[in-house]
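J.: Spelled out from the first residue to the last, the chains are:
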Amino acid sequence: MLDKMLIVIFTYNEEDKISLVLQKVCERFKNVLVVDNNSTDKTIEIVKKFSVYYVKHKYNLGKSNSMKTGLNFAELNHFKYVAFMDGDGQHKAIDLENICNKIYKDNGQLVIGYRKNLNNLNFKKKIGTMILSKFFYLLYKKKIFDIQSGLRVFNIFEKKNIYWKSTGMRHYFADAEITCNAVKNGCKIEQVPIETLSSEKYKGMNILQGLYLMLMIFVWRFC
Amino acid sequence: MIIKIFLSVLSIIFSLMMLYITNLNYKKNILKKIETIIWNLVWLLIIFISIRPKIIDNYFIENFSVDIFYITSVLSIMFLVIVSYFSLVKIKILEKKIDTIIRADSLKEILEKIKD
Numbered sequence: 001m002l003d004k005m006l007i008v009i010f011t012y013n014e015e016d017k018i019s020l021v022l023q024k025v026c027e028r029f030k031n032v033l034v035v036d037n038n039s040t041d042k043t044i045e046i047v048k049k050f051s052v053y054y055v056k057h058k059y060n061l062g063k064s065n066s067m068k069t070g071l072n073f074a075e076l077n078h079f080k081y082v083a084f085m086d087g088d089g090q091h092k093a094i095d096l097e098n099i100c101n102k103i104y105k106d107n108g109q110l111v112i113g114y115r116k117n118l119n120n121l122n123f124k125k126k127i128g129t130m131i132l133s134k135f136f137y138l139l140y141k142k143k144i145f146d147i148q149s150g151l152r153v154f155n156i157f158e159k160k161n162i163y164w165k166s167t168g169m170r171h172y173f174a175d176a177e178i179t180c181n182a183v184k185n186g187c188k189i190e191q192v193p194i195e196t197l198s199s200e201k202y203k204g205m206n207i208l209q210g211l212y213l214m215l216m217i218f219v220w221r222f223c
Numbered sequence: 001m002i003i004k005i006f007l008s009v010l011s012i013i014f015s016l017m018m019l020y021i022t023n024l025n026y027k028k029n030i031l032k033k034i035e036t037i038i039w040n041l042v043w044l045l046i047i048f049i050s051i052r053p054k055i056i057d058n059y060f061i062e063n064f065s066v067d068i069f070y071i072t073s074v075l076s077i078m079f080l081v082i083v084s085y086f087s088l089v090k091i092k093i094l095e096k097k098i099d100t101i102i103r104a105d106s107l108k109e110i111l112e113k114i115k116d
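Residue numbers (the working numbering), protein chains in the order written: chain A, 1 to 223; chain B, 1 to 116.
One chain only, chain A, in its complex shape (with noise of 0.2 Å):
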């Protein structure tokens, strides 16, 4: 398993997290990619301690493009799973590990973690969550617990089946145009739930902007 799979850390301004979390994926996996942001702090000299590969983007191009990198990255070196994680601690690695078991197992094309215990949450979120849930059940008449999920794993070969065109101000809808893309064109999804460790630093988006993700909904649902 080991072999085909890739892990993809995205970064950015990660020098109190960054440590912690390569240390504990590296234990589990030999491929690792760091895909960095263009950080101002010290991210990159310590993800180079770490027998990784790595990456640096010269502007911030936001996490969709850095997911875009990675997949690239997986593509050239022959890479049969791609695994995205955020480097900002907010997932483990033991949770990492088991939906790459879970794909390598059940050969399967997309695996998401979902945040079992929304408890741990603050109000807005764990809302908004419940909320862009039942919408996209609505829509997609699939129940997906967590479709922003930023801890997942998917086959390379369904690239044509989940590939992602938000960009610029849309960069965080990556995920859920992943998930979206992938019920669309039938691909087999399964969920494994994850604990979640509160960020401090991920705020959470804003009402404004998870009324513009549920029109993108809309949107990926009939174009």
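Rather than coming from a laboratory, the hints here were simulated on the basis of the structure.
Honestly, I wouldn't trust all of these hints.
Residues from chain A that face chain B, not an exhaustive set, calculated with beta carbons under 7 Å [unchecked claim]:
#, residue
1, Ile46
2, Lys49
3, Phe50
4, Val52
5, Tyr53
6, Tyr59
7, Asn60
8, Asn65
9, Thr69
The beta carbon of each residue, even a glycine, is placed where N, CA and C say it ideally should be.
Let chain A serve as the given structure and place chain B on it in line with the hints.
T.: Just chain B now, with coordinates in the frame of chain A:
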């Protein structure tokens, strides 16, 4: 009457400023010579209309029985929509190009290292 004069003065000041900016852009090699001439003519025409609005108003009423205000509003909206559309398309194309170049550039180094 005062409002009309105020609008004319405002329009003249704006056009003079745009004339200056247009020529500045020509000196910076942003605009070509022909583009500069066309834009200068456009701003001069606006100054002319601002000074003698009656001429153009009478011409349209006599020949086409329409008010200049109506024509201006329709043309302005049309122009704004066209300009906005092409600007948006151009920005999207540029954004895509920049994203591709930066991503390719970031991967180049690591792929060379792997090859070595």
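J.: Hint by hint, note whether the structure agrees.
T.: Structure-based check of each hint:
1. Ile46: Hint violated; Ile46/A Cβ to chain B Cβ min 17 Å, cut 7 Å.
2. Lys49: violated (16 Å)
3. Phe50: With Cβ-Cβ at 14 Å, over 7 Å, it is violated.
4. Val52: Cβ of Val52/A sits 10 Å from chain B, so the hint is violated.
5. Tyr53: holds (6 Å)
6. Tyr59: holds (6 Å)
7. Asn60: violated (10 Å)
8. Asn65: This hint holds: Asn65/A lies near chain B, its Cβ roughly 5 Å from the closest one there, short of 7 Å.
9. Thr69: OK, holds: Thr69/A within 7 Å of chain B, min 5 Å.
Checked against the numbered hints above, the structure breaks hints 1, 2, 3, 4 and 7 and satisfies the rest.
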